[in-house]
Amino acid sequence: MDVMMNMTTEDIRRLRGQFTGSLALDAFVRLMKKCLRDRIHSELDFVVGVIELFHTIDVNGDAVLDWDEFTAYMMDAGQAKADFYFEGRGRFTKHYMPLLLPPPDAKTPMRNIKTRVQQMRLLVDQNAAAYFEENSDVVYIYGLQFNHNEGPRHLSTMRLHTAFQEHTVIDVVYVTTRKSLVTSSVLGRGYLSVWSMADLYSPVMTYRLESLAAQEHLCWVPSLQSIVTSAVIFPSLHSGKQSDPKRDCYRPNAGSDQPHTKFSQLELWDFSGKIRPPAPGTIATKEVTVVQERFKGVTALVAFRSINRTYLAVGREDGVLCVVDAESGDEMGSFDAHGNGVKVLVYSTEVENLASVGFHSYTDETTMHISIWKKTGSGAL
1 MDVMMNMTTE
11 DIRRLRGQFT
21 GSLALDAFVR
31 LMKKCLRDRI
41 HSELDFVVGV
51 IELFHTIDVN
61 GDAVLDWDEF
71 TAYMMDAGQA
81 KADFYFEGRG
91 RFTKHYMPLL
101 LPPPDAKTPM
111 RNIKTRVQQM
121 RLLVDQNAAA
131 YFEENSDVVY
141 IYGLQFNHNE
151 GPRHLSTMRL
161 HTAFQEHTVI
171 DVVYVTTRKS
181 LVTSSVLGRG
191 YLSVWSMADL
201 YSPVMTYRLE
211 SLAAQEHLCW
221 VPSLQSIVTS
231 AVIFPSLHSG
241 KQSDPKRDCY
251 RPNAGSDQPH
261 TKFSQLELWD
271 FSGKIRPPAP
281 GTIATKEVTV
291 VQERFKGVTA
301 LVAFRSINRT
311 YLAVGREDGV
321 LCVVDAESGD
331 EMGSFDAHGN
341 GVKVLVYSTE
351 VENLASVGFH
361 SYTDETTMHI
371 SIWKKTGSGA
381 L
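All letters in the sequence shown, in the order written, are residues 1 to 381 by full-length UniProt numbering.
There may be inaccurate statements among the hints.
[Said to hold, decoys possible] Result set (DSBU-like, lysine-lysine): computed pairs, CA atoms no more than 30 Å apart in a straight line: (1) K296 / K375; (2) K374 / K296; (3) K343 / K375; (4) K179 / K34; (5) K296 / K343; (6) K343 / K374.
Since the hints were made in silico from the structure, they are not lab data. None of these values were measured; they are calculated from a predicted model.
Given the sequences, and given the hints that come with them, work out the whole structure.
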């Protein structure tokens, strides 16, 4: 891996002319020695590093490396830029173009995000940040211990793909008390992956839970030592009802007579330390509690405490803000918040107020307003 970290864009440019066809291990070692001979300080260490790099990149296990495999991995690791141009035959050829894979649900909140960086989470107790890009299967960890002479430093990259099956990351949340990062991804089914962040340079996946549908929103609830998620599926995930195996679980279920695109299910995942990964090929059912069976179009989610109870503020695509008891699942009240749907919810423990922002509309100036909600007791706003 040291070989890869010391490579530059110019090194990759030199390799391009020599990288013809598929290379076996011995041919790859010879090529690297030839093109990077000025970087070799110890031939033994260099060869060992090249062999390790070969086996790391060869995720499909066919014992050969293609140029596509090699450069895709280098871009993944940040050693080469995705818009890098190679010069050859008198013209510039762009070898890689971003492949857009929009979510199946046309009105999911994921479609309203246009920026390259889709989400960033602050690891407060470790002076670090985690972020992932749109339609990406990797999460990047950056250290924030820097001064005016240097910027944030890349520490590690968490890869969710196996072989050529790439998970699409949907949401991440940091669990401070356990120094863990929980990622939600989708690959046919939905997956919750728990990563130990004790060593920021080498995050380790401790276990992965599988569900029938993608978990679109994650919310850590410290008082319950649990994670609340909203999953889009019909019928429900864990209610015991039979579902049609031929039906795609992650898609809108609205008909011509239904104003909403989807129904979400709020779930409570136990992270108190009793949780255990299910057996391979099975679906986790013991660790999850269904809070709400059918909730219309969840677009934002946040937890807060009031009078020794934990409540969930749930923003919906129809602009309604609901308050739900996280333990009993009872709906405590609902309010018309934003006409075009609730985009973001943030709760402040210092002032004990809730702030909400709606989706923007050029025809309505009020969509640019930030609404402040004050608790009035028993979970009411």
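Going through the hints against the structure:
no.: 1; hint: K296 / K375; verdict: holds (23 Å)
no.: 2; hint: K374 / K296; verdict: holds (24 Å)
no.: 3; hint: K343 / K375; verdict: holds (20 Å)
no.: 4; hint: K179 / K34; verdict: violated (43 Å)
no.: 5; hint: K296 / K343; verdict: holds (14 Å)
no.: 6; hint: K343 / K374; verdict: holds (19 Å)
In terms of the numbered hints stated before, the structure departs from hint 4 and from no other.
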